[in-house]
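Asker: As a plain string of letters, each chain reads:
2 protein chains.
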Amino acid sequence: MDKYIITGFSGFVSRHFLHYLESRSEQVSVLGLDLHEPAFDVRDFRHLTCTFERVDLLDKERMQNAIYQFQPNYILHLAAYSSVSFSWKNPILSFQNNTNIFLNLIEAIRLLRLSTRILSVGSSEEYGNVTERDMPLREDMPLKPVSPYAVARVSQEMLSQVYAKGFDVDVVITRSFNHVGPGQKDIFVVSSLAKQLAEGSKKHVRKLEVVTGDLSIIRDFTDVRDVVRAYYLLLKKGKKGEIYNVCSGRGVTLSEVLNVMGDYVGLEVEHRVDASLVRPQDNKMIIGSNKKIQHEVGWVPDIMLEKALKDVIDDWKRRLESHVAGGSAT
Amino acid sequence: MDKYIITGFSGFVSRHFLHYLESRSEQVSVLGLDLHEPAFDVRDFRHLTCTFERVDLLDKERMQNAIYQFQPNYILHLAAYSSVSFSWKNPILSFQNNTNIFLNLIEAIRLLRLSTRILSVGSSEEYGNVTERDMPLREDMPLKPVSPYAVARVSQEMLSQVYAKGFDVDVVITRSFNHVGPGQKDIFVVSSLAKQLAEGSKKHVRKLEVVTGDLSIIRDFTDVRDVVRAYYLLLKKGKKGEIYNVCSGRGVTLSEVLNVMGDYVGLEVEHRVDASLVRPQDNKMIIGSNKKIQHEVGWVPDIMLEKALKDVIDDWKRRLESHVAGGSAT
Numbered sequence: 002m003d004k005y006i007i008t009g010f011s012g013f014v015s016r017h018f019l020h021y022l023e024s025r026s027e028q029v030s031v032l033g034l035d036l037h038e039p040a041f042d043v044r045d046f047r048h049l050t051c052t053f054e055r056v057d058l059l060d061k062e063r064m065q066n067a068i069y070q071f072q073p074n075y076i077l078h079l080a081a082y083s084s085v086s087f088s089w090k091n092p093i094l095s096f097q098n099n100t101n102i103f104l105n106l107i108e109a110i111r112l113l114r115l116s117t118r119i120l121s122v123g124s125s126e127e128y129g130n131v132t133e134r135d136m137p138l139r140e141d142m143p144l145k146p147v148s149p150y151a152v153a154r155v156s157q158e159m160l161s162q163v164y165a166k167g168f169d170v171d172v173v174i175t176r177s178f179n180h181v182g183p184g185q186k187d188i189f190v191v192s193s194l195a196k197q198l199a200e201g202s203k204k205h206v207r208k209l210e211v212v213t214g215d216l217s218i219i220r221d222f223t224d225v226r227d228v229v230r231a232y233y234l235l236l237k238k239g240k241k242g243e244i245y246n247v248c249s250g251r252g253v254t255l256s257e258v259l260n261v262m263g264d265y266v267g268l269e270v271e272h273r274v275d276a277s278l279v280r281p282q283d284n285k286m287i288i289g290s291n292k293k294i295q296h297e298v299g300w301v302p303d304i305m306l307e308k309a310l311k312d313v314i315d316d317w318k319r320r321l322e323s324h325v326a327g328g329s330a331t
Numbered sequence: 002m003d004k005y006i007i008t009g010f011s012g013f014v015s016r017h018f019l020h021y022l023e024s025r026s027e028q029v030s031v032l033g034l035d036l037h038e039p040a041f042d043v044r045d046f047r048h049l050t051c052t053f054e055r056v057d058l059l060d061k062e063r064m065q066n067a068i069y070q071f072q073p074n075y076i077l078h079l080a081a082y083s084s085v086s087f088s089w090k091n092p093i094l095s096f097q098n099n100t101n102i103f104l105n106l107i108e109a110i111r112l113l114r115l116s117t118r119i120l121s122v123g124s125s126e127e128y129g130n131v132t133e134r135d136m137p138l139r140e141d142m143p144l145k146p147v148s149p150y151a152v153a154r155v156s157q158e159m160l161s162q163v164y165a166k167g168f169d170v171d172v173v174i175t176r177s178f179n180h181v182g183p184g185q186k187d188i189f190v191v192s193s194l195a196k197q198l199a200e201g202s203k204k205h206v207r208k209l210e211v212v213t214g215d216l217s218i219i220r221d222f223t224d225v226r227d228v229v230r231a232y233y234l235l236l237k238k239g240k241k242g243e244i245y246n247v248c249s250g251r252g253v254t255l256s257e258v259l260n261v262m263g264d265y266v267g268l269e270v271e272h273r274v275d276a277s278l279v280r281p282q283d284n285k286m287i288i289g290s291n292k293k294i295q296h297e298v299g300w301v302p303d304i305m306l307e308k309a310l311k312d313v314i315d316d317w318k319r320r321l322e323s324h325v326a327g328g329s330a331t
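These protein sequence lines map, in sequence, to chains A and B. Counting from 2, one number per residue, gives the positions in the first sequence under the working numbering. Counting from 2, one number per residue, gives the positions in the second sequence under the working numbering.
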C-alpha cells in the first residue's frame, strides 16, 4: 500500500489532492502534517486511511521522527508561506517557512536513508523579472527573482538539485503557476473577485462595483484539480532532479476573468482600482510553457478556465450560504 | 570617524583587513563580532579603536542590539562556514551559518533604518558547474551551484539584490576566488602544502614527499592582502546591489604552486596523492575575470603570486618555530 506524507495538509491544495487520491479508488495511507488542524474530517474518506499530526517543520527532530515512524513512499511538500506581500513584510519568517523547512525535510530523508520520493513545489515567481519576449517561460530560462519569497523558492529548488545529484535523494521539482478552484482563500485575486460577485448576486442588483488591483495584467491559471493531478503524475513519473512548470500555457487578462465571471452571475460589473491592491513592479505578463510536463509525464490540463471560474463562484455562493446559515465553512 | 563592524572578526581575512585599515593611518573605530575570541589583542593597534563582542549571528536580537548600539557606517560581513566539504556533511548547519546569518544581518539594517553599507562576501563556488570554455568567469554568467555551500552563497547573493532593489538597503556583493596569505589555516590547499614544506625545510633533507590532492587543477589565487584592499575599495566605491569578482584573472595549476614553493625552500619535492583529498566532481579550472572591479572600483592585485607563496612559507616557518618554542600561534 502506498504511503504519502502531505505537508501543508490543512491547506487548499492538499484537500484537492486528497479528493484526487480518493477518486482513484486506490487503497492508500496518508499522514498529514501541518501547524493547523484541518477544517475537514480525516475519517471522511472511503479509500484513504488518513491521519493528522500537528508538526512545525522547523522542529527538525519532531518532523524526522514523524517521517521515520510513517516510512512514506511519497512526500507531497505543500507547506509554505506562499504570499509575496508577506515576504516583503517579514523576509526572515518567509525564508524560514519556505527554504529552511524544506531543507529540514529533505535532510531528514537523507539522514534516514529512505528511498522516499519528494515533490518540491515551487513557484512561477522564481522567474522574476521577465519581459513579454520571454513568453512562454521555459524551465531552462535564467531565474531573476525579485521578492524575498521568490528567492526562498529558488533556494529551495537549488537545494533540491544538489540533494538529487550530490546525495541521490529522489526529488522532483515544480514551478507552479497561478491556480484557481473551489476552497481558495480570498487573499488570492480570482477568489477575491469571485467572492465579491457571489455576494453581489444575492443582492438582486443589476450593476455591481468590485474592488480590484490592476486588471490589465496577464496570468496563466490552472484549475487546482488539474494541478493536483499533475502533482500525482510527477510523483509517479517525473524524473529525479528535474524541474517542471505546472501551468496551462495560456495567458488571460484579469479583466477577461472578471468578465467571464460577471456574465455567469448575470451582473453588469464595474471595477474600482484600489491602489493598495496594485503590486509595485509586478510583471505585466506571466505565461508558462507546459511542453516539458506534457512530453515527459503526459499531463495536460483538462478543465477549461470558464468551468473553473464558474465552480469558484458556485463554491463562494455555498460558502456564503452556509456562513449565513451558521454552518461551518467547508 | 568611520565606524566598521566586522563579522567573522577572529578569522584570517579579518586580521588582514584590520592591518590594512591600520596601515592607512585613519582614525577609525571597529567593532568585531564573532563566536570565538580573536587570537590577537584588540588593543595592539595605533590608529584603530577596536572592540570585540562575542555574538552568535543566529541570535537576531543580540546582533540587532550590537548594531544599534554601535551605529556602523560599514559592515564587512566575513562570518561564514566556508568549507565545501563541511557543507556536504552538515548542509543544515552550513546553510544556517551562511544564508540565515546573512539574512539576519541585512534585515537588522533594514529594521533599524540605518544607511550602513554592507559588503556581502560570496564565493567563486557560486559559478559551480563550469567548463574551460567559460573562462574567465564573468559576473553576468549563469550560476550552477553544485554543493550545499554554493547554494547557500547564491541564496545570500539573491537576498542581497532583493534588499538593494526592493528595500533600498546599501549592499555590495563579492564573488571571492581562492585567497592565500600568512595566517591561513592548513585546511586550505596552499597553506597545507606550505606547512609541509616549512616542516621539511627544518629537517635538513634534500628530497621531501608531500601529500596532496589533484595537483593538475587550475585555480585563481589572490593574496589576502590584495583581497582586503579590494573589500575596502568596494565598501568605499562599489555600486549598490552590484556583484564583483575578486580575483587575479590568472590561473595556475597546483603543481606550479608546489614547484615555486619547493624552489624557495630549496627542496626537491615529490608528491603522493591522497585520494581523500581529491574532491569528487571538482572543477578542472576556475579562473575569474576582474575587469568589472578594475573598471568600476580601480582595484588591481599588487602582490605577485610568487611573493605571496614565499610569505606563506615564511609565515609557517615562524608559526612552527613559535610552536616549538612553546609560544602561541599568532
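Be aware that a few hints might be false.
Copies of one chain are not kept apart here, so a pair can be met inside one copy or by any two copies together.
To be verified - Only pairs whose alpha carbons sit at most 20 angstroms apart, straight line, appear in this in silico DMTMM-like list of lysine to aspartate or glutamate:
(1) Lys186 to Glu54
(2) Lys145 to Glu54
(3) Lys293 to Asp264
(4) Lys238 to Glu210
(5) Lys61 to Asp141
(6) Lys90 to Glu62
(7) Lys238 to Asp303
(8) Lys293 to Asp141
(9) Lys4 to Asp312
(10) Lys145 to Asp169
(11) Lys90 to Asp169
(12) Lys90 to Asp171
(13) Lys166 to Asp283
(14) Lys308 to Glu257
(15) Lys311 to Glu62
(16) Lys292 to Glu200
(17) Lys90 to Asp3
(18) Lys145 to Asp187
(19) Lys285 to Glu62
What the hints contain is simulated information worked out from the structure, not anything from laboratory work. On a predicted model such as this, the values are computed, not experimentally measured, just so you know.
Asker: Against each hint, give a clear statement of whether it holds in the structure.
Answerer: Structure-based check of each hint:
{"no.": "1", "hint": "Lys186 to Glu54", "verdict": "neither (23 angstroms within a copy, 47 angstroms between copies)"}
{"no.": "2", "hint": "Lys145 to Glu54", "verdict": "neither (37 angstroms within a copy, 37 angstroms between copies)"}
{"no.": "3", "hint": "Lys293 to Asp264", "verdict": "neither (35 angstroms within a copy, 57 angstroms between copies)"}
{"no.": "4", "hint": "Lys238 to Glu210", "verdict": "neither (46 angstroms within a copy, 53 angstroms between copies)"}
{"no.": "5", "hint": "Lys61 to Asp141", "verdict": "neither (33 angstroms within a copy, 37 angstroms between copies)"}
{"no.": "6", "hint": "Lys90 to Glu62", "verdict": "between (29 angstroms within a copy, 18 angstroms between copies)"}
{"no.": "7", "hint": "Lys238 to Asp303", "verdict": "within (19 angstroms within a copy, 56 angstroms between copies)"}
{"no.": "8", "hint": "Lys293 to Asp141", "verdict": "within (10 angstroms within a copy, 27 angstroms between copies)"}
{"no.": "9", "hint": "Lys4 to Asp312", "verdict": "neither (30 angstroms within a copy, 61 angstroms between copies)"}
{"no.": "10", "hint": "Lys145 to Asp169", "verdict": "between (27 angstroms within a copy, 18 angstroms between copies)"}
{"no.": "11", "hint": "Lys90 to Asp169", "verdict": "between (36 angstroms within a copy, 14 angstroms between copies)"}
{"no.": "12", "hint": "Lys90 to Asp171", "verdict": "between (34 angstroms within a copy, 18 angstroms between copies)"}
{"no.": "13", "hint": "Lys166 to Asp283", "verdict": "between (34 angstroms within a copy, 14 angstroms between copies)"}
{"no.": "14", "hint": "Lys308 to Glu257", "verdict": "within (14 angstroms within a copy, 69 angstroms between copies)"}
{"no.": "15", "hint": "Lys311 to Glu62", "verdict": "neither (44 angstroms within a copy, 49 angstroms between copies)"}
{"no.": "16", "hint": "Lys292 to Glu200", "verdict": "neither (38 angstroms within a copy, 61 angstroms between copies)"}
{"no.": "17", "hint": "Lys90 to Asp3", "verdict": "neither (40 angstroms within a copy, 31 angstroms between copies)"}
{"no.": "18", "hint": "Lys145 to Asp187", "verdict": "neither (28 angstroms within a copy, 38 angstroms between copies)"}
{"no.": "19", "hint": "Lys285 to Glu62", "verdict": "neither (43 angstroms within a copy, 39 angstroms between copies)"}
The structure does not agree with the numbered hints 1, 2, 3, 4, 5, 9, 15, 16, 17, 18, 19 stated previously, though it agrees with the rest.
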